[in-house]
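Undergrad: Same order as they appear, the protein sequences are chains U and F.
Going by our numbering, the first sequence opens with residue -2, and the numbers climb by one from there.
Going by our numbering, the second sequence opens with residue 8, and the numbers climb by one from there.
Hints in this document: simulated from the structure, not taken from any laboratory.
Among the hints, a few may not be true.
Stated by the list, open to error - Okay, the calculated bits of chain U under chain F, using three or more residues with CB under 8 Å as the criterion:
hint	segment
1	46 to 53
2	59 to 71
3	97 to 107
Heads up, the beta-carbon is just placed ideally off N, CA and C, and yes, glycines get one too.
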Amino acid sequence: MDCQSARSMLDASRPDRRDWQEPELREAAQHALNCGPCEGVLSERDIFDRRLSATMADVAIPAGLKEWLLQTLAAKPIVPPVAIEVPPRFRLSRRAWLVMAGTLIVALLGGWAYWFLGRGGVTLNEVYADINSRFPLTRERISLEHLRPFNGRFDATITDPRWIDAVTSEPVGLNLFSLWGHDAAIYRFAVGRSRSLSGLLILMDAHAIEDPPTSPVPTRRHSRYDPRPQVTWRHGDQVYVCILERGTLDEVLRAMYGGTK
Amino acid sequence: MSDGQAQIEISRLVEEHYEFLYRFAYRLSGSPQDAEDLTQQTFVAAQRNWGQLREGDKARAWLTAILRNLWRKSFRRPEAGAVIPLEAVAEPADDFPADVPLTSEELQAALNQLPEEYRAAVVLFYLEDQSYREIAEILEIPIGTVMSRLSRGKTALRRLLRVEHPVDLTAEE
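With the rest of the complex left out, here is chain U (with noise of 0.2 Å):
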């Protein structure tokens, strides 16, 4: 410890140093009593210590002070303690107990199975972004390998009839917003000559999705911020999405549809 801080420290202490042994202090006094200048300059701070507490108590007390107290106090009553009643405390039965811990339970169930079961829908953005998310753009074939096969609770038979001779493959199951399974199906597709455009071919039940497409026609998402282009429509109760691996989106239009959309 330096002189500068030992000083400090001391300065709490009284001028007779009982409180030197006092642990806070026990350091500082310890550098003190080996140092010769702080030793010094301490005497005379305990010095002019003992006059600032002569001088501090040098208040004249006025004449009659005491008893102008005294009279004071005696004018007004003395309030005895109050007794506060305190109401009995209030005890849940058992069997309220039971009915509120079952109560907790159920909601708690509830709050869980709403977040992680199944939400009332999701937006048709939220479902580009998870599955912008899932396959992200790479020059290599989307992988499916690592799914299961669709096992969801609505009926991923492809209805639109110009898709349903596209599709290459059986479908897999995805859980896009839902853990009670799959929500949504999907299909390898190839089109066109040779069978050389080809992509995804995702299908959503349109109930689960709070703001599903309309158009019955493939429509092409304008966002530049999807990596890949991506066309979705709308079948009967069936939302279509369409990610491509090879080719461009006009060619898979035209292909199908006959022109451009």
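Assemble chain F onto chain U, guided by the hints.
TA: Only chain F this time, still in chain U's reference frame:
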């Protein structure tokens, strides 16, 4: 305890502590009138809250805490212009003359220039020979804070008092 006994106890408290409380109040406020009112209101509050005093030997600390709180809440004067920033005076002053003449008025003038939180700690230290632990209990602040306030407050006081002709910062220009 009956009302009569309580009245006797209150009177005893007045007998034992009124002088100290008045001096403490005077050094805090710098005004004899405020000091009288503070002392009176302290005892009135003590009488009103008589049941809170659990240990008789803590009566002085209890009364001191009441007075200090009353002062902070009701009696403290606006300090703008009167109090100087502690940094302006809190430089190390190891060469102060121990035999500098010091009157009660000069001391009060210096105290009036200390910020309130430092003033209360310094006054308790000098007036009652309180340890920093006792001061911490009365002011209801941590020990480390008290030590810091004592060190800085005392240093500032030494700086203020070593000036032979102190500048009167409270005087109007």
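Undergrad: Each hint needs a verdict: does it hold in this structure or not?
TA: These are the hints, each one checked on the structure:
{"no.": "1", "hint": "46 to 53", "result": "holds (count 6)"}
{"no.": "2", "hint": "59 to 71", "result": "holds (count 9)"}
{"no.": "3", "hint": "97 to 107", "result": "violated (count 0)"}
Of the hints listed earlier, the one the structure fails to meet is number 3.
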